[in-house]
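Number of protein chains: 4
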Amino acid sequence: MPKVGMEPLRRDALIRACIAEIGEAGSLSVTVGRIAARAGVSPALAHHYFGSKDRILLAAMRHILREFGLTVRLGLARANDPEARVRAIVRASFSPEQFSRECIASWLAFYVLAQTSPEAARLLRVYAERLDSNLVHGLRPLVGESDARRIAQGLASMIDGFYIRCALQDRAPDGAGAEAAVNDYLDLCLAREHAA
Amino acid sequence: MPKVGMEPLRRDALIRACIAEIGEAGSLSVTVGRIAARAGVSPALAHHYFGSKDRILLAAMRHILREFGLTVRLGLARANDPEARVRAIVRASFSPEQFSRECIASWLAFYVLAQTSPEAARLLRVYAERLDSNLVHGLRPLVGESDARRIAQGLASMIDGFYIRCALQDRAPDGAGAEAAVNDYLDLCLAREHAA
Amino acid sequence: MPKVGMEPLRRDALIRACIAEIGEAGSLSVTVGRIAARAGVSPALAHHYFGSKDRILLAAMRHILREFGLTVRLGLARANDPEARVRAIVRASFSPEQFSRECIASWLAFYVLAQTSPEAARLLRVYAERLDSNLVHGLRPLVGESDARRIAQGLASMIDGFYIRCALQDRAPDGAGAEAAVNDYLDLCLAREHAA
Amino acid sequence: MPKVGMEPLRRDALIRACIAEIGEAGSLSVTVGRIAARAGVSPALAHHYFGSKDRILLAAMRHILREFGLTVRLGLARANDPEARVRAIVRASFSPEQFSRECIASWLAFYVLAQTSPEAARLLRVYAERLDSNLVHGLRPLVGESDARRIAQGLASMIDGFYIRCALQDRAPDGAGAEAAVNDYLDLCLAREHAA
DNA sequence: AATGAATGAGTTTTCATTCAT
DNA sequence: GATGAATGAAAACTCATTCAT
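Residue numbers (the working numbering), protein chains in the order written: chain D, 1 to 196; chain Z, 1001 to 1196; chain C, 2001 to 2196; chain U, 3001 to 3196.
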C-alpha cells in the first residue's frame, strides 16, 4: 500500500537496518539484500533510494557520527567549566547508546571502510578533528596549549582503544569501567599541572 | 618440476603474501587468487596447503601474533627491572616492524575477523591475556596488584588506540610520538605511586 | 495540476525524448526512465500513455518514418519530370533533417528492433516498399520496367549504405558528398540508357 | 573431465557461440549466460577467459572481421588484373559464408556496438580503411586516383546497404542478386572511363 | 491526469572451492 | 607436488512494470 512521503521513512529504516546488520555481522560484509529485508523492503528499493551499497554504508556512517556528535553536544551543554567539558566528552563516549555492541562494531567497520573509501576517510577525519578540537578547547585553560594537544591525543587514543578492546573481549571492562580508567588518566594529567 | 620439502616454503610465502595483501587492501577482502598470485603459486595450491581461505587468514594472524610476541620477548630480555619491562613492552608495540602500515592494517582486519571466527577471537584473547599478564607482571612491584591491573588496561587500550588512529589519520603521531605519549601516561602513574 | 488535453502533448514529448535518447545512446538500450525524465514526466506516465517500452519505440519509429515520408513527398511535389522525381528522393534522403546523427542512429536502432519485433519489421517493410515504388515509378519511364527495378534496388542500397557508414565513420562523406555519389551512380545508369 | 590446453578451444567455442547468439537475437542483447550455455560451459568460465562481456563481444567482432579479411585475401590471391581484384572483393562480400544471416546480424550489431565502444569503433574503422584501400588500389589503374576514391566509396556503401537490406527484408535480392547489382554499377563506372 | 512507491525478474560479475591430470 | 579447468553460489545492480493515491 504505497503512500506519499515514504522516502525519509525508508531511508531511515534502511540506515538503521544497515547499522543493525553491521552490529550483528561485526563487519562490512553485509549484503544489500539482508539490509533491505531487515528494513522490510526489497533490495531494489534500497538501490532506488541510495544508489549503491557504498552510499548506504556512508549514510549509516554519517548517522553514527551524527548521533555521537549529538550525545557529545548534549553533554557539553550541561558542563559549566573546562574540566567538566572534558569529562563530558569522555562520558559521552561511554554512554550506553554509544558504547553498545552495535555502535562499536560499526565504528570498527567504518575504520576499515575508511581504508578504501576516500569519502569514509574524510568523514572519519572530520569527526576526529572535531573531537580533538573539543578536547583541546577544554584542556587548554587547564594545562596550556602544548600539553593540551598531547593529552587530547592520549585521551582520544585511550577511548578508541577501549572501544575496540570491548568490541572483542569479554574480559574488558564495561562502559563504566572504561570511563573510570580514562578519567583516572585525566586526573593524573590535571594533578601534575597543579603540582607544577 | 615439483620439489621435495617445498611445503614450509610455500606456506610461508603464502602467509607473507596474505599479510601483504591485507596491508594493501586495508581489510580482509583479499582473494585467495591474489594471495596465491603474489606468492607465485596457483590458488589451488593455497587450498591444498591450508584447506580454506579462513585457515590462511588464521595462519597469517598467528604469524603476526608470533612476530609481535618475539619482539616483546626480545625487549623483555634486555630489561633489568620491572619498570624497564613495562617500557620494553611499550617500545616493542611501536617498533618500526610492528607499527607499520601492513601490520596495523592486519591488526584491524583481525579484530574484524574475530567478530565472526571463534578461532580468531581465541587467538586475539590469548594474545591480549599474555600482554596484560606481562604488563601486570611489570607493574605489580611498582604500584601494587589492583593499580597494576587498572594501569595495564589503560596502557593496552592507549596502545591499541594509537594503532587504529595511525592506521587512518595522517595527523596522528608517528610511532615515536605515540610511544612518548604512552610513556608519559606511564610516568604519571608511577609518579603518583611515589608521591603516595 | 493535471490538465485536460495533455495527452497528445505528452505523447509527442515522449516520442521526441525517445528519439533524442536513441540518438545519444546510439542504440535501443535506452531506458524508459531516461526517456520519461527527458520528457519531463514520470516513467509511470510513459507507460500510462504507451503501455510498454516497445510501444514507445514503435511510436518513435513511426514518427521517424512519417517525417521521412513527408520530406520525400515535399520534394516530389516540386518535381516536374520522372528524373527530377528520382533526384528528389535522393535529395530528401540526404537532407539535413534526415541525415542527422539522431536520425541515422534511430534508423540503425530500428533495423535492429525489426529483427525481433514483427511490427517493427512490418513498418520497415512498408517504408521500403513505398520508397522502392517511388523510385521505380520515376525510373520506369526512363529505363524501362526491369532496369528500373534493378536500379531502384541499387540506389536504395547505396543510400542505406551511406547512412550506416556516416553513422560511424568520420572519414565518410557528409550529406552533400553522399548525395553527389548517389547522383553520379544515377547519371551512369541514365547515360547508358541513352546510349543504348 | 578437465584437460590441459582447453583455453584456445573454449575461447573459440565461446566466440562462435556468441556469434550464433547474436545471429539468433539479431542484436547485442545476448547474455553471457546464453553464450556460455551454447558453448557448453558455465558463465563463470566465460568471464574467466574473457574478463567481461564486452571483451567477448569484441573478440567475436575481431573473429568476424578476420574471417572476412581472409575471404577477401583468398579472392585477391586468384585475381590477375586490377579489375579482377575489385570484382574479387565484391564477390567475397557476398560469398555464402559472409552473406549469411548470422554474419549480417553480427555486422549490424557491431555497427551498434561501435557507437558506444571506442575499441569496437576502432576495429570497424580499421576494417573500413583496409577495404577502401583495397578497392582504391584495384580501381586506380582503371579510372585514375580521384575517380577511384569516389567509386570505392560508392561500391562499399552499396555493399553495406545490401547487407542491412538483406538482414531485414525477404524481398531483397539474395547474395548473387546483390553481387550482380554491385557489379553492374562497377560495369557502368568502368565503361564510362573507356568511353572518355 | 499524474506520480511516488515498490518490486520481480534478470544480468553481469566475483570468488572460494573442487577435481582430474 | 602442483596446476589448469571448471563451477555453484551469491553479490550488486538495473529496469520495465504495476499500483494506490
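Hints were generated in silico from the structure; no laboratory data involved. Quantities reported herein were computed from a predicted structural model and do not represent experimental measurements. Just so it is clear, CB atoms sit at the ideal spot from N, CA and C, and this is done for glycine as well. Don't take each hint at face value.
[Unchecked claim] The following label-pair restraints were derived from C-beta to C-beta distances:
#1 GLY2069/C to GLY1033/Z: 55 to 61 Å
#2 SER1133/Z to VAL3004/U: 32 to 38 Å
#3 THR3031/U to ARG101/D: 49 to 55 Å
#4 GLU83/D to ALA1195/Z: 18 to 24 Å
#5 ALA3077/U to PRO2043/C: 52 to 58 Å
[What the hints assert, rightly or not] With a straight-line cut-off of 30 Å between C-alpha atoms, the simulated DSSO-like cross-links for lysine-lysine are:
#6 LYS1053/Z to LYS3053/U
#7 LYS53/D to LYS2053/C
#8 LYS53/D to LYS3053/U
#9 LYS53/D to LYS1053/Z
For each hint, the structure was consulted:
Look at GLY2069/C against GLY1033/Z: about 58 Å separates their beta carbons, and that is inside 55 to 61 Å. SER1133/Z and VAL3004/U have their C-beta atoms about 55 Å apart, which leaves the hinted 32 to 38 Å range violated. For THR3031/U paired with ARG101/D, a C-beta distance near 43 Å fails the hint of 49 to 55 Å. About 21 Å separates the C-beta atoms of GLU83/D and ALA1195/Z, a value consistent with the hinted range of 18 to 24 Å.
A hinted range of 52 to 58 Å for the beta carbons of ALA3077/U and PRO2043/C is consistent with their spacing of about 56 Å. Under the criterion of a C-alpha separation no larger than 30 Å, the hint pairing LYS1053/Z with LYS3053/U is consistent with the structure, at around 28 Å. At roughly 28 Å between alpha-carbon atoms, LYS53/D and LYS2053/C fall within 30 Å of each other, so this suggested pair holds. Between LYS53/D and LYS3053/U the alpha-carbon distance is near 23 Å, which keeps this suggested pair within the 30 Å criterion.
Between LYS53/D and LYS1053/Z the CA atoms are separated by roughly 25 Å; this keeps the pair inside 30 Å, and the hint holds.
In terms of the numbered hints stated before, the structure departs from hints 2, 3, listed from lowest to highest.
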